[in-house]
Structures are given as structure tokens and as C-alpha cells.
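Novice: Sequence:
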Amino acid sequence: MELKILEEVITLTIFGGFALTYLSENLRWNHLAAFACILAAVAFTFLPKSD
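Residue numbers for the sequence shown, in this note's numbering: 24 to 74.
Calculated directly from the structure, the hints in this document are not laboratory data. Check the hints yourself; a few may be wrong.
Distance ranges between label pairs, derived from CB positions [to be verified]: (1) Glu48 x Lys72: 18 to 24 Å; (2) Ser73 x Asn49: 38 to 44 Å; (3) Leu35 x Leu70: 16 to 22 Å; (4) Glu31 x Pro71: 17 to 23 Å; (5) Leu46 x Pro71: 35 to 41 Å; (6) His54 x Lys27: 17 to 23 Å.
We put the beta carbon where it would ideally sit given N, CA and C, even for glycine.
Required output: the full structure, derived from the provided sequences and hints.
Specialist: Take a look at the structure:
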């Protein structure tokens, strides 16, 4: 589970950087909100399990 989430974060970060630099896309508020949600998912995934 953790590996798949890390893969998605890395892929989206690289693609986002590519879109910003090479494609000259503008970064809007909804892009930042979506990235914050993804980072929250990563944080919740790596929280210690309470068994």
C-alpha cells in the first residue's frame, strides 16, 4: 500500500513540474487543494497502526 501511494506522489510531482515548466501551465487553487489531499493521504497511510 505504501509503495503504491509513494509511486503516485512521485509521478504527480514530476508530471506537475513538467506541466509547469515545459507546457507553461498555470497553477490554480484547485491544483494545490488536490495536491494537499494527496499529501494528507500519504500522511494517513504512514501513521502508526494502533493494534
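Novice: Does each hint fit the structure? Answer for all of them.
Specialist: How the hints compare with the structure:
1. Glu48 x Lys72: 18 to 24 Å: At roughly 38 Å between Cβ atoms, Lys72 and Glu48 fall outside 18 to 24 Å, so the hint is violated.
2. Ser73 x Asn49: 38 to 44 Å: Given range 38 to 44 Å: holds, Cβ gap about 42 Å.
3. Leu35 x Leu70: 16 to 22 Å: 21 Å, holds
4. Glu31 x Pro71: 17 to 23 Å: Given a distance of about 22 Å, which is inside 17 to 23 Å, the answer is holds.
5. Leu46 x Pro71: 35 to 41 Å: 39 Å, holds
6. His54 x Lys27: 17 to 23 Å: Because 22 Å falls inside the window, the suggested range holds.
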